[in-house]
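Sequence order for the protein chains is A and B.
Quick note: the first sequence uses my numbering, first residue 59, plus one each step.
Quick note: the second sequence uses my numbering, first residue 59, plus one each step.
Simulated from the structure, these hints should not be mistaken for laboratory data.
Just so you know, these numbers come straight off a predicted model, no measurement behind them.
Misleading hints may appear alongside valid ones.
Claimed, not checked - Derived coverage of chain B by chain A (criterion: at least 3 residues anywhere in the stretch with Cβ under 8 Å from a Cβ of chain A; other residues may be distant):
#	region
1	112-125
2	165-174
Unchecked claim - Listed next, the in silico PhoX-like pairs over lysine-lysine satisfying Cα-Cα at most 25 Å (straight line):
#	chain 1	residue 1	chain 2	residue 2
3	B	LYS176	A	LYS157
4	A	LYS92	B	LYS176
5	A	LYS128	A	LYS176
6	B	LYS182	A	LYS176
For each residue, glycine too, the CB sits at the ideal point set by N, CA and C.
2 protein chains.
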Amino acid sequence: MTSKQEFVEKLRNSSLRPTKQRINICEVLFNRDKTFHFTINDLFNLIKDKTGEKVSLATVYNTVHAFHKKGYLKEIPINSNQTYFDTNVTDHHHFFDVKEEKLIDLKNEDVGPIEIQKSIPGKKIKSVEVLVKLED
Amino acid sequence: MTSKQEFVEKLRNSSLRPTKQRINICEVLFNRDKTFHFTINDLFNLIKDKTGEKVSLATVYNTVHAFHKKGYLKEIPINSNQTYFDTNVTDHHHFFDVKEEKLIDLKNEDVGPIEIQKSIPGKKIKSVEVLVKLED
DNA sequence: TTCCTTGTTTATAATTATTCTAAAGAAGAT
DNA sequence: ATCTTCTTTAGAATAATTATAAACAAGGAA
C-alpha cells in the first residue's frame, strides 16, 4: 500500500505537479501487488471505477505519456490496434494470449540469456524484447 | 525472377482468383531477392511506381490480409501507428531502428536458441519473436 | 459462346485510436 | 495577492483501418 503522500513526492521529484488527476492515476496504476498491463482505455475506465472521479481521456493520454517518458511505464511491442503499457519497467518479456488479448509477464530467467550476435554500424541496442504468442 | 504464370498458379492453389490487381501486388511483394518489410501505405505507393497501374487502397488491405491468412506474409509485432509486414515468413527476428522507422532482419542464428521455460496451462506457443530496438 | 453464380474491386463512408488546440483552471513562486 | 507556468479539458483534427454496397470480372455449366 502506497500512501498518497508518496505519490505526491514521486511526482514532485519528476517535476510533474501533483494534481488530483495524476494522483488518482497513480493510485490505479501503482497501488498494486502485481505488475499491471493495460491500454489507455482500460485505464480510463478503471479510474472512474476505482476512484469515483472522472479524469478526461486527454489527461489519461497526457499522463501515461509523461510517466512513460519518466520511465515509470513501459510500452509493450505488440500488434494490436491499441497500445499496451506495463507498470513493470524492469527488463522482462511477455506472453500474449492472442484469443483473450491478454498479456502475461515472462521473467528474464524464464527466457534465458539472449545474445544478439549481429551489430549495426553506428547504432546501439536500446532494448531486447521477446514476445511469445499463445494459442489454444 | 518469378513469372506472372507462377503467381497465377500460386493464387489458384490458394483459392484466390488471379486478378490483375493481385498479380501486380505479387510482383511487387515477391519478385525480389531479399526479404521485404513494408506497411500498407508503402506497398500502395510502390504498386503505382513499379507496375504503372493503380490498385485501390481497399484492395491492398484486402490482399495483404488474404496473403497473411494464407501464410505468405508475416505481421511484425512492433509499436508503431502503422502495421508492418514481412515477406520472410520463416522463423526469424528483427531489429527496429526507432529513429528511421526501419526494420532489419535478424537471423535465428544471430540470436541463438530461445528456450521458454514457463508454460501456461491450456495454451501452446504459437510464435516467439524477438524485437531489438536500436538507437544512435 | 452465353448465362449464372460467386468472388473481387472500388470509392466512399464509418470506425477507432491517438494527437492537437485553445480556453479555463490550478500550482508554485515571489 | 499576484503572476507565471503547467495542467486539464472538451472537442476538433488526424490517420490507420474496416465496413458497405454497387459495379465488375472469373470460372463453370449448359
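Against the structure, the hints:
no. : hint                 : result
1   : 112-125              : violated (count 0)
2   : 165-174              : holds (count 8)
3   : B:LYS176 to A:LYS157 : holds, 19 Å
4   : A:LYS92 to B:LYS176  : holds, 18 Å
5   : A:LYS128 to A:LYS176 : violated, 30 Å
6   : B:LYS182 to A:LYS176 : violated, 30 Å
Violated hints, listed in ascending order, are 1, 5 and 6; each of the other numbered hints is respected by the structure.
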